[in-house]
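Participant: One-letter residues, chain by chain:
Number of protein chains: 2
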Amino acid sequence: MNKINVKKKQILQSKGSLHSKAYIVESGLLRSYTIDENGKEHIFMFGPEDWIVTDYAAPDEPCDLYIDALEDSVVIQIEKNTELEIDHKKIIKRIRVLQKRIIMLMSASAIDRYEHFISTYPTIAQRVPQYMIASYLGITPEALSAAKSQHLKYLK
Amino acid sequence: MNKINVKKKQILQSKGSLHSKAYIVESGLLRSYTIDENGKEHIFMFGPEDWIVTDYAAPDEPCDLYIDALEDSVVIQIEKNTELEIDHKKIIKRIRVLQKRIIMLMSASAIDRYEHFISTYPTIAQRVPQYMIASYLGITPEALSAAKSQHLKYLK
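Chains as they are written, first to last, in UniProt numbering: chain A, 1 to 156; chain B, 1 to 156.
Some hints here could point you the wrong way.
No copy labels: a pair is met if it fits in one copy or bridges any two.
[Claimed, not checked] Once the Cα atoms are required to be at most 25 Å apart in a straight line, the calculated BS3-like pairs of lysine-lysine come out as:
| hint | residue 1 | residue 2 |
| --- | --- | --- |
| 1 | LYS156 | LYS90 |
| 2 | LYS40 | LYS8 |
| 3 | LYS15 | LYS89 |
| 4 | LYS80 | LYS9 |
| 5 | LYS80 | LYS156 |
| 6 | LYS80 | LYS90 |
| 7 | LYS7 | LYS153 |
| 8 | LYS8 | LYS89 |
Since the hints were derived computationally from the structure, they do not count as laboratory data.
Because the structure is a prediction, the values reported are computed rather than measured.
Sequences and hints are given; from them, build the entire structure.
Facilitator: In structure tokens:
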């Protein structure tokens with residue numbers, strides 16, 4: 001176990017690294033993301049306090065995700081094959097999150113994606129720029145803006 | 001453990017069921033899928049021989065996926081919380097598959113999605129109609145057809 005201070009914008013992991021680690025976020029905010037062939041970023045996951053951010057590639061295979069810090073953060077770096085994989089309940093929960101994310105990406109409307117996002121990450125909407133939320137949701141910033149207005153209308 | 005024979009088109013699980021099970025495919029082919037608000041199907045996963053098909057919703061929560069048989073199949077029905085969750089290595093592998101799938105849905109070109117599909121499911125392309133492969137990949141049948149031609153060109 002290895003506690004590290006990470007500055008905003010610092011990159012913890014690049015795509016293609018071997019023996020990538022897992023990061024438990026003690027404070028601050030990480031994200032994992034991929035970059036497509038046109039150079040566009042797609043956010044895979046946000047990691048606020050108490051979340052674990054990692055790439056599930058096998059330890060001897062190159063990983064697929066970049067991980068960086070969106071805020072100054074304190075994280076605990078662990079080996080993927082030890083502590084992380086022992087915590088079975090957390091892993092099952094993670095599978096649930098991933099399944100939901102795939103369903104959302106395939107089939108949900110912008111408003112449903114947005115509402116699922118704010119229930120999953122209640123504190124993130126205020127902490128990251130709008131274009132990153134759109135990237136996570138797989139929609140355009142314009143569609144996000146429309147979904148937010150629609151959501152506010154429902155609340156009234 | 002409970003071995004059951006399933007007819008082609010038979011539905012094993014509907015969205016919204018509680019206490020949904022996991023299905024180990026002994027022979028045949030299952031799929032899991034979701035239906036969006038316009039009635040369009042989106043295939044979450046194919047389950048050929050030896051795959052486990054399930055919905056990772058918690059047992060006391062309504063599940064999100066439908067599961068049916070694309071061929072006459074023999075499957076072993078198990079409780080999600082017992083045998084399945086004990087097989088830790090399989091679960092970690094499943095997380096890897098889900099991560100890859102999200103990355104593909106967010107950011108990969110049609111040709112990359114297609115090539116990843118045939119490496120993940122080498123026997124499925126001949127067993128299901130093309131529109132189902134397009135549904136799984138999140139692309140139109142026309143984009144699938146173009147990707148297949150491009151793939152064949154590379155092989156020459």
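Participant: Look at each hint and say if it fits the structure.
Facilitator: Hints, one by one, checked against the model:
{"no.": "1", "hint": "LYS156 / LYS90", "in the structure": "neither (36 Å within a copy, 46 Å between copies)"}
{"no.": "2", "hint": "LYS40 / LYS8", "in the structure": "within (20 Å within a copy, 42 Å between copies)"}
{"no.": "3", "hint": "LYS15 / LYS89", "in the structure": "between (27 Å within a copy, 23 Å between copies)"}
{"no.": "4", "hint": "LYS80 / LYS9", "in the structure": "within (23 Å within a copy, 40 Å between copies)"}
{"no.": "5", "hint": "LYS80 / LYS156", "in the structure": "neither (45 Å within a copy, 40 Å between copies)"}
{"no.": "6", "hint": "LYS80 / LYS90", "in the structure": "both (13 Å within a copy, 16 Å between copies)"}
{"no.": "7", "hint": "LYS7 / LYS153", "in the structure": "neither (38 Å within a copy, 47 Å between copies)"}
{"no.": "8", "hint": "LYS8 / LYS89", "in the structure": "neither (30 Å within a copy, 35 Å between copies)"}
When held up to the earlier numbered hints, the structure conflicts with 1, 5, 7, 8 and fits the remainder.
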